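Protein chains: 2
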Amino acid sequence: MTRKKTDLSSIGEFKLIELISKDIKIKNKSTKKGIGDDAAILDYKKFQTVVTTDLLIEGIHFNLDYVPLKHLGYKSVTVNLSDVYAMNASPKQITVSIAVSNRFPLEAIEELYSGIKLACKKYNVDIVGGDTSSSMQGLIISITAIGEITDEKIVLRSTAKKNNLICVSGDLGAAYAGLQLLERERIIYKKNPEIQPILKGYDYILERQLKPEARKDIIKIFEELNIIPTSMIDISDGLSSEILHICKQSNKGCKIYEDKIPIAKETIDFANEINIDPTIIAMNGGEDYELLFTIDINDYDKIKNNPYISIIGQIDKSNEGQYLITRDGTAIKIEAQGWNTMNLL
Amino acid sequence: MTRKKTDLSSIGEFKLIELISKDIKIKNKSTKKGIGDDAAILDYKKFQTVVTTDLLIEGIHFNLDYVPLKHLGYKSVTVNLSDVYAMNASPKQITVSIAVSNRFPLEAIEELYSGIKLACKKYNVDIVGGDTSSSMQGLIISITAIGEITDEKIVLRSTAKKNNLICVSGDLGAAYAGLQLLERERIIYKKNPEIQPILKGYDYILERQLKPEARKDIIKIFEELNIIPTSMIDISDGLSSEILHICKQSNKGCKIYEDKIPIAKETIDFANEINIDPTIIAMNGGEDYELLFTIDINDYDKIKNNPYISIIGQIDKSNEGQYLITRDGTAIKIEAQGWNTMNLL
Numbered sequence: 153m154t155r156k157k158t159d160l161s162s163i164g165e166f167k168l169i170e171l172i173s174k175d176i177k178i179k180n181k182s183t184k185k186g187i188g189d190d191a192a193i194l195d196y197k198k199f200q201t202v203v204t205t206d207l208l209i210e211g212i213h214f215n216l217d218y219v220p221l222k223h224l225g226y227k228s229v230t231v232n233l234s235d236v237y238a239m240n241a242s243p244k245q246i247t248v249s250i251a252v253s254n255r256f257p258l259e260a261i262e263e264l265y266s267g268i269k270l271a272c273k274k275y276n277v278d279i280v281g282g283d284t285s286s287s288m289q290g291l292i293i294s295i296t297a298i299g300e301i302t303d304e305k306i307v308l309r310s311t312a313k314k315n316n317l318i319c320v321s322g323d324l325g326a327a328y329a330g331l332q333l334l335e336r337e338r339i340i341y342k343k344n345p346e347i348q349p350i351l352k353g354y355d356y357i358l359e360r361q362l363k364p365e366a367r368k369d370i371i372k373i374f375e376e377l378n379i380i381p382t383s384m385i386d387i388s389d390g391l392s393s394e395i396l397h398i399c400k401q402s403n404k405g406c407k408i409y410e411d412k413i414p415i416a417k418e419t420i421d422f423a424n425e426i427n428i429d430p431t432i433i434a435m436n437g438g439e440d441y442e443l444l445f446t447i448d449i450n451d452y453d454k455i456k457n458n459p460y461i462s463i464i465g466q467i468d469k470s471n472e473g474q475y476l477i478t479r480d481g482t483a484i485k486i487e488a489q490g491w492n493t494m495n496l497l
Numbered sequence: 153m154t155r156k157k158t159d160l161s162s163i164g165e166f167k168l169i170e171l172i173s174k175d176i177k178i179k180n181k182s183t184k185k186g187i188g189d190d191a192a193i194l195d196y197k198k199f200q201t202v203v204t205t206d207l208l209i210e211g212i213h214f215n216l217d218y219v220p221l222k223h224l225g226y227k228s229v230t231v232n233l234s235d236v237y238a239m240n241a242s243p244k245q246i247t248v249s250i251a252v253s254n255r256f257p258l259e260a261i262e263e264l265y266s267g268i269k270l271a272c273k274k275y276n277v278d279i280v281g282g283d284t285s286s287s288m289q290g291l292i293i294s295i296t297a298i299g300e301i302t303d304e305k306i307v308l309r310s311t312a313k314k315n316n317l318i319c320v321s322g323d324l325g326a327a328y329a330g331l332q333l334l335e336r337e338r339i340i341y342k343k344n345p346e347i348q349p350i351l352k353g354y355d356y357i358l359e360r361q362l363k364p365e366a367r368k369d370i371i372k373i374f375e376e377l378n379i380i381p382t383s384m385i386d387i388s389d390g391l392s393s394e395i396l397h398i399c400k401q402s403n404k405g406c407k408i409y410e411d412k413i414p415i416a417k418e419t420i421d422f423a424n425e426i427n428i429d430p431t432i433i434a435m436n437g438g439e440d441y442e443l444l445f446t447i448d449i450n451d452y453d454k455i456k457n458n459p460y461i462s463i464i465g466q467i468d469k470s471n472e473g474q475y476l477i478t479r480d481g482t483a484i485k486i487e488a489q490g491w492n493t494m495n496l497l
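Top to bottom, those sequences are chains A and B. Remember, the numbering used here sits 152 above the position in the first sequence when you count from 1. Remember, the numbering used here sits 152 above the position in the second sequence when you count from 1.
Excised from the complex, chain A in its bound form (with noise of 0.2 Å):
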């Protein structure tokens, strides 16, 4: 089937902000007026806002080569939701800016938004905003997420105690592994078209890579059991980077066991398969999106049963620093991640 394709200067601006804003309709009492003005208003009268804002970057953050745009959609707004909800907030408006080149049909946009907004419709969020021009190369996603949150509800990185539980949410790794399945096959393609890519069989790898969801259930499990985590962070670049931030501006030490870290067993074979130990993607992988937080050992009871948490480690003093503690009970201290290291290449 061939489709067609718009160029996107036989409509012009307005015309395309109409286009991708003609389905937008409110969901939130607090987004009193969205898009078609100077700025959105919003309305949080016992509410204190949360905001965060995420830039994505093509070639840098995501490869069209083997991404689909509607995936990409869905992840550019569920990476920042997880952002918000890594506050223990609620998100309810996101403001969405892009920019493309104009190799890009009309279509294209389309497909991407079509992405935003079943993210948008899946997490209950207003888009009240944003802005489109043209790139010099390239599609530039740039979206900024508000959410809501009442005062003694909010969780920061900074609040972590001295004996506290360190928690995670779902696994680790995944995202991680499903990049480099997708990457390897790209680079088997390139060097022959003839061959198709293999990726059946590895779906739960794909699809964490390119569809990650934010963890808005883990957020409602908190609510129900009455917990209030001392810390929370979204593990974006992996666990390694997540916990020091934690521990860095918690000023505390603490111990994380291998042993205990949750690793899929679709995310341990394609680590096998690649010849990397799974310990490795989990710790430094990075876009697991899930959560990193630490509770009163008092809430113990309350998720030891969780089947959608994991008891990884423990918070110590800061005089202790922080290690991973591997499986023959090695102490290995753990070193930050950034832009220069294996997560975001």
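Note that these hints are calculated values from the structure, not bench results. None of the values given here were measured: they were computed from a predicted structure.
Copies of the same chain are indistinguishable here, so a pair counts whether it falls within one copy or spans any two.
Mimicking BS3-like on lysine-lysine, the simulated pairs with C-alpha atoms at most 27 Å apart in a straight line are:
{"#": "1", "residue 1": "K363", "residue 2": "K157"}
{"#": "2", "residue 1": "K274", "residue 2": "K184"}
{"#": "3", "residue 1": "K407", "residue 2": "K314"}
{"#": "4", "residue 1": "K167", "residue 2": "K184"}
Given the coordinates of chain A, assemble chain B onto it according to the supplied hints.
Frame of chain A, contents of chain B only:
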């Protein structure tokens, strides 16, 4: 003088964020928690929240051949604040995301941020978050501004009434004249690097292009004179586009009188020099960041002698259309501008 240049890869992401953040001090009571967590926390108990965002891309929105980085940082902030003032609101916080290619040394980013911070200081705005990453090519800046306003003072684009006076702050077209001057000198310099750019004597139009201010003072005048405009928008794309936004969203017609449009002597002189009608520059030039607003005719006496405000026309019934009335009395239909037209080249 040769300045030292520090390679960004020698610093890493976390150190860069630390350097950027280190001298940021919170100025607003509503800024409860700024940089350093998954999201910022804002507190607007008695107010509505206003939010707006802009994405600026090297080669599209600015050209580093002639825009100093400090000015670019300053302008990136003021153009966003301008949108907040256009709601009759007060900006309080911004988030700043940047992406840079590896040709940018640390000193360039510090220069950019020195302009961003200068604007924040002047407008009393807090930087509360952001994102830093690599780009494939060039510099990308995404800024979201957040402000506050009481319910009864909100001014939309969609509420202009028949017989309202159309007003504009400052003067129009100078920013576009400045851009044309810079572009002319750039081309001459590229052809012959021996010839130094002639920018002397053009201070006003250059400053309007390189370092525009947001009209905080006009919002203050409204407060002092007890005026609430019936509609308002800031002039980023040009008077033509903006008055059409107001008219179409308010479902109204209008007449703008050519001889009432405020144009600075320096703009007229430069327009004559390059053989363009100054009115065309004023109507379509864009980037003036002046406020275009409508007021009830009963407020006429309050502003008639105000040196910062010009009355340039009136709002009509919708079936009367949107027209520019030229000096010789001809009515010319006002046409929309956008991406494809001169003002974003």
